[in-house]
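Q: Here are the chains, one letter per residue:
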Amino acid sequence: MKKNTKRLSSLLLALLMTAAVLFGAAVPVFAEQAPTKNGITSIEELNGKNLGVQTGVLYEDHIKDDLEDETWYYYKMPNDMIPALESNKIDAYLIEEVGFYAQRFEHPELVRLEEAVGVSDFAVIVGNNDKQERLFSELQQFIADSRENGWLEKLYDYWVINWNPNTCKIEERPELTGGNGTIHVAIEGGYEPFSFESNGEFSGYDVEFMLNFAAKYGYDCEFHAMEFDSIAPAVIAGKYDFGMNIVVDEERAEASVLTDPYYSCDIVFVLEGETGGEAHFLDGIKDSFYKTFVKEDRWKLFAQGIGTTLLITVLSVAFGTIFGFATYMACRHGNKLANRAMNVFDGFIHGIPTVVFLMILSFVIFANSSHITAISILGFTLIFGCSMFDMLKVGNNAVHRGQAEAAKALGYSDTQSFFRILLPQAAQHFLPIYKNDVISLIKETSVVGYIAVMDLTKMGDLVRSRTYQAFFSLIAVAIVYFILEWVLVSLVTRVQIKIDPKRRSREKILEGIREVE
Amino acid sequence: MIEIKHLRKEFEDTTPLKDVNAVINSGDIIAVIGPSGTGKSTLLRCINMLETPTSGQIIVDGQVINDGKCDLNEVRKKMGMVFQSFNLFGHLTVIENIMNPQITLLGRSRQEAYDKAMDLLSKVGLSSKALAYPDELSGGQQQRIAIARTLAMDPEIILFDEPTSALDPSMIGEVQSIIRMIAKTGRTMMIVTHEMDFARKISNRVWYMDEGGIYEEGTPKQIFEEPRQYNTKKFIQRLSTLSYRIESDEFDFEPVIDELQEYAEKLLIENERTSKLQLALEEICVNNLFELHSNPNIFVQIDYSEKSDVLSLELKYAGEHFDPRDSDNELFNTILAEPTTTLVDEEIINSPKWYNNHTKISFRWEDQ
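From first to last, the protein sequence lines are chains A and B. The numbering of the first sequence is the numbering used here, which starts it at 1 and goes up by one. The numbering of the second sequence is the numbering used here, which starts it at 518 and goes up by one.
Think of the hints as simulated: they come from the structure by calculation, not from any bench. Even for Gly, the Cβ is constructed at its ideal location relative to N, Cα and C.
Which bits of chain B does chain A cover? Going by a derived footprint, with three or more residues having C-beta under 8 angstroms, they are:
hint, stretch
1, 604 to 617
2, 626 to 636
Lysine-lysine pairs mimicking BS3-like chemistry, simulated, CA-CA at most 25 angstroms apart:
hint, chain 1, residue 1, chain 2, residue 2
3, A, K169, A, K291
4, B, K701, B, K640
5, B, K751, B, K738
6, A, K169, A, K216
7, B, K750, B, K718
8, A, K64, A, K89
9, B, K646, A, K498
10, B, K646, A, K508
11, A, K502, B, K646
12, A, K393, A, K498
13, B, K586, A, K336
14, A, K502, B, K633
15, B, K751, B, K783
16, B, K633, A, K508
17, A, K64, A, K76
18, B, K522, B, K535
19, A, K64, A, K49
20, A, K508, A, K498
Over 10 angstroms on every C-beta distance to chain A, these chain B residues come out as not near it, computed from the model:
hint, residue
21, I541
22, Q574
23, A700
24, E743
25, E767
26, D775
27, L809
28, Y872
29, W882
Using the sequences plus the hints, can you model the full thing?
A: What follows is the structure, encoded as structure tokens:
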């Protein structure tokens, strides 16, 4: 009991220390919003500066040739550039005018350079599958019609020009009949005002646009949120029917099927301007906490994310253990074919980065499947299974050969000898590695956002993209991962202790025996 | 009971067994001896199919066991095996090591298995270690428990594969006495061993293995006292004698000394006497004979007689004579002067092997 309390308190201490470090680093975001230092007013002055841009949008192509010695930093989500700017990691960043309006609503200290870098057209990419031809022409028609009757302009005015995150919402979700099937739409999901999460549903310009298209042409519509840079590859692979918000450029237009633009806007540089007064530290915290967890019931997003992460981890560990075990049993007697196959497979799985492997599974091998959670479970099952196979190999090799021989000589069958003599001893060798592998697995699952699985990390990203504040969502995500790890590792440790033959009590060893005096 | 017909075992690089034919009868206690690498252990391991014979037949109770059709696990239950490296199950306590195979393989109840195990543990003198784990025990204790584990299965025959080779000299005795105790109960046994004295006293048949098979077979008396075949004679003689021929003054004495140490250890000769012999050998050969002869030709024989407890060094050489009493090594002179040392130094006339000098120094332990 005493030991437990001690362990718990040291755990809490460690948590507090971690929080303090992160907290200290995060304070400037709330309190010390430094006024503009650089006084930059034109594009030429950005020579030699550090500049930010979102990965995959290609805005930097407009200006690269006009600048000298600049360094580009690439960000996964547009809103991640704000903290970067405020902590002086970058001096300015490129964003489409629309994004800037959305950001300025929460961050009035941001200013844009009046001089625009260029204009970008945004189109929808159409999935490379058997529905492509029909969907392409239908959407082309829809865009042309909507432009003509002024609906597209109205939509743009509402969501972009008059954007207000507190009031803007899809007033009326059109009725979807689904008579012609379901269309699957890939969106960023954390990108105001085009696609974002609100009250448990996706909302925004892209969403309303596609819902109306679907209603008009008799489809049901499902949205899939993923990292921006995996939208195009996923759609080209045919996994989804449409990908939203694709910047039109020649190379892309050649490699894939793009519709006519459904909106255009200026690309501008954003800098830090005069700050709009210092926020009180505690108010900042309270406000940030409210926005991260309470507003629009965002805690539910975290809960869902935890559920998904837990599901993937637990099932992958369970299936992976079974898979590793089964393959080991097949290879155990030195079957040449099985061993060679497993060696090649093992090398392949361990030789490529997890995220690449998952993307191959999702966009190449199972390009037509929309069961992305199942695909990621499959991926991690294979990864963990290969580790399990290696562990069993190492563990059993560590058991002296004489043990198997003695069992054999006594008359144990092969199976009896494996389960009663070898495995219990091997387990003590490989369980510590097993624990470590469970830990890495939990952490590695955080990349499933790339194949559009809404796990804990991705949910944190979504919330962060709406609150424009990094602190609470990142800390919350970190703490939850830590707790998940702790729980799973304690479970494995318990099992380890439970099956450790040397920890059994005298009573257990002599169970059911009347001892002679 | 067990019949071995034309047994052949090939490994990738050697063929230890070329053609083995033998019969083991119920009640036999067979000691298998011979130089290293002559397939003694391989033969034992073929009998319970831990090694699969390349060709030939092994017939147990009228049933061929190496034709792939036989249920080997059933056959092995009838054959116990005791390993050189004990091979107790490391994750189980001593009592479980003895109980579990009975429960799993013979279907005995836990209580039955426990009673049997405790009975055997007290026979091997280790009842107090029932709840210890193997790694907490000495080698000798582990081997006694391994024997108890084998006995608990009530085997018809027990195969001992060098049961004392991995043990400290001080623990060999305790294990041997357990095996002697089992021998008295009339159980069939087969023992591969390098302990000649033990082999001789415990067995009723001795197989001397060499040249890929059973080279000579006989009673212990026949094999140890009147071996008929050349290799057997040489092996038996070598057990009590070390001999060398020195034909260059750059002769390397190091292997001789190593062999001498090993020899002395085996025969329990005290270090003190071995050192005296070693000093005498080096003094006579290196310091004197090598000086006198640029091309020495010396025959050295080291001999120990258990009966009279005398360790002796015998030198025969050709050419100029050297009298050990003329040595100027003080320590050597002191040894020679001791009452337990006897020196014979003579000239050989008409030697058939043209050695003309003979020196023999004998060391007794106590003056008798």
